[in-house]
Amino acid sequence: MPSAPTADVRPGPSGSRSVLERRTGSIDGPRKPVEGPDRGAGDRRIPRFVWALPPVAVLALVFLYPLALVVQQSVSPDEGGTSLAPYGDVFASESFRSALTTTVWLAVGSTAGCLVLGFVLAMVIAFVPFPGGRAVARFIDVFLSFPSFLITLALLFIYGNAGMANGLWTDATGASSGPFDFLTTPWGVLLAEVTYFTPFVMRPLLAAFSQLDTAQLEVASSLGAGPARIVRQVILPDALPALAAGGSLVLVMCLNEFGIVLFTGAKGVTTLPMLVYSKAILESDYPAACVVAVVNIAISVGLYSLYRMVSRRVGA
Amino acid sequence: MTGGATGGIRFDQVSVAYGGNTVLDRLDLTVEPGEVMALLGPSGSGKTTALRAVAGFVQPASGRVYLGDRDVTGLPPHKRGIGMVVQQYALFPHMRVHDNVAFGLKARKAAKAEIPERVAEALELVGMAAYAERYPRELSGGQQQRVAIARALAIRPGVLLLDEPLSALDARLRSGMLAELARLHRELPDVSILYVTHDQVEALTLADRIAVMDKARLQDCGTPQELYRRPRTEFTASFVGNANLLPVTVADGADTVDFAGRALDVPTGEAAGGATATLCVRPHLVGLGDGPNALSGTIAEVQWRGSTHRLYVDVDGHRVKADLRELRETPALGDTVTLHFAAEDAVLLPAGTAPGTGGGAHA
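Going down the list, the protein sequences come from chains A and B. Going by numbering that gives the first Met the number 0, the residue at position 202 of the first sequence is 201; the numbering climbs one at a time, nothing skipped. Going by numbering that gives the first Met the number 0, the residue at position 319 of the second sequence is 318; the numbering climbs one at a time, nothing skipped.
If you are wondering where the hints come from, they were derived from the structure by calculation, not from laboratory data. Heads up, a few of these hints could be off.
Where chain A lies over chain B, by a calculated footprint (3+ residues, C-beta under 8 Å) [stated by the list, open to error]: (1) 73-80; (2) 99-106.
Here are some chain B residues pointing at chain A (derived, C-beta under 8 Å) [said to hold, decoys possible]: (3) PHE56; (4) MET83; (5) PHE91; (6) ILE154.
These figures come from a predicted structure and were not determined experimentally. We put the beta carbon where it would ideally sit given N, CA and C, even for glycine.
Please put together the full structure from these sequences, using the hints given.
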């Protein structure tokens, strides 16, 4: 017994000393070859930021430069010169205002739909064991890689004017047209966007649910909490960051969605990207198209910054 | 009492199977009101399944589970009124300590005015009143487990289920919490506690009775003293206290058995002459040197354990363990030594499974 205390103490200092030695060694070690004689004078080391220049240059060339061109075009009216006149014209036009409203409510509506549907589906997949549950989760990953217009096309086959649902109806009743013609309305776009974007919400949710300690759910129920209370007070708070991440992603993607709106063929539904398309391609009004594009970008970036701010505050 | 459950648990022929694999086989066990029952066994013995059947997380394939005199077999967990504490605490991470403790009270619709008082009372009971405003992540493991216990006790359950509550804590904290749990039980004498553990020390220290489980079945049940001093099966003898188990044949004479050609004097009870049996002797009751029931053999291994020396001695091919107060002169490997034990320290068990199963690691 008397020898025990010294035996306990001794490894301490010698252990920490060796850690120190190792640490200083690791600092000196790699630096020496860099400053070695084959590099010439020791001061000619390349600063770190130099390595960042090539990728930044490439990014600037392929991404920021065209963006700058768009902004420049938006302040260059056809009459020549540089003025904010195109902005005034576009903001005053009825088509822009209605497109802005349509875009925002479609995006907000679709996002809300995706959040609700995604939360429910993810919860079923994560917490209700059923055969094939894992396959469904796997399929969601695949679904994310599908192009958005594919969903619209599929919906067209089902609910379109010449689609399956209407075909069944006309065959059965002999009527000249079926009852389903919502696909060309905003509701059709909403349905398509909810269908397509829901997996984008489910993905982070499923990841969050797989981290959730099931013992928490069990303890909660043993304490007398029914399923509804467990969802509200245990699962939902845990899923909030994932919901925020998925929701904000979907919101931005919905704001910029073009393929779905185009493919539903809804003439009455003009969103900002559609407006850009029709101004630029159909009317050859490039300044106006660029103005709308700039507004679209501003909304996206603004929403993204808002999301970052909120998530940082929540996360802290 | 919002707990609703009166004390006491009764298993009536409870079987649980997962896909044809029986994990709990016809368990019959009664936990009296106010009693601490330890379910002790190795992993896979069915002890946790038994606890989960009481909580309602597994549905028995057959048999009934009673809380008090209420049949709860078909009742969902949230209607059973049970307090539960699990190994990894499972506190709700986004709630402060007092909200964690209040969770059960709110879920059970306790009167709003009553909740703060009951939360404070429960936190006081586990000595965590000063931490009510903290989040779980700001607490140490031992503190989190105290909060988890307060959360379970706040609903004033008649039955408290503890599922390996100390396994996640380090050894020093564990013995502190063990004393704490014993104190809690003294302060809450009406609560029945079902305590699942694989640690015999926890079971021996805390339990009024121990149910020893192995291979999905109840092997033995009794007070810690009974199980330790008079085990009824080889499994109990080796799992609780890691006893020496020696194959013997009962001699025709009174209170004598034959072990590898040696005659040993031990109480044979009602065992018939000529029957094979297992002799159980605790390692710490084996002495070094000549004496009654002497066994000589060669040293196979010596372990120094601080206050004791553990000797492994080969006696005609059978390994005998002896825990001796720290020796001044340690015998060397291969030395011939003589061990002995008193007749009243030996227990004769019916021969069953091979001696030594489940031993070794649990000393």
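Hint check:
Taking a C-beta to C-beta cut-off of 8 Å, the stretch 73-80 of chain B contributes 6 residues in contact with chain A, enough for the three needed, and the coverage statement holds. Proximity of the stretch 99-106 of chain B to chain A, defined as three or more residues with a beta carbon under 8 Å from a beta carbon of that chain, is established by the 3 residues found. Because the smallest distance between the Cβ of PHE56 (chain B) and any Cβ of chain A comes to about 6 Å, under 8 Å, the interface hint for this residue holds. Residue-level restraint check for MET83 (chain B) holds (minimum Cβ-Cβ distance to chain A is 4 Å; threshold 8 Å).
Interface restraint check for PHE91 (chain B): the shortest CB-CB distance to chain A comes to about 6 Å, inside 8 Å, so the restraint holds. For the restraint placing ILE154 (chain B) at the interface with chain A, the shortest Cβ-Cβ distance is roughly 6 Å, inside the 8 Å limit, so the hint holds.
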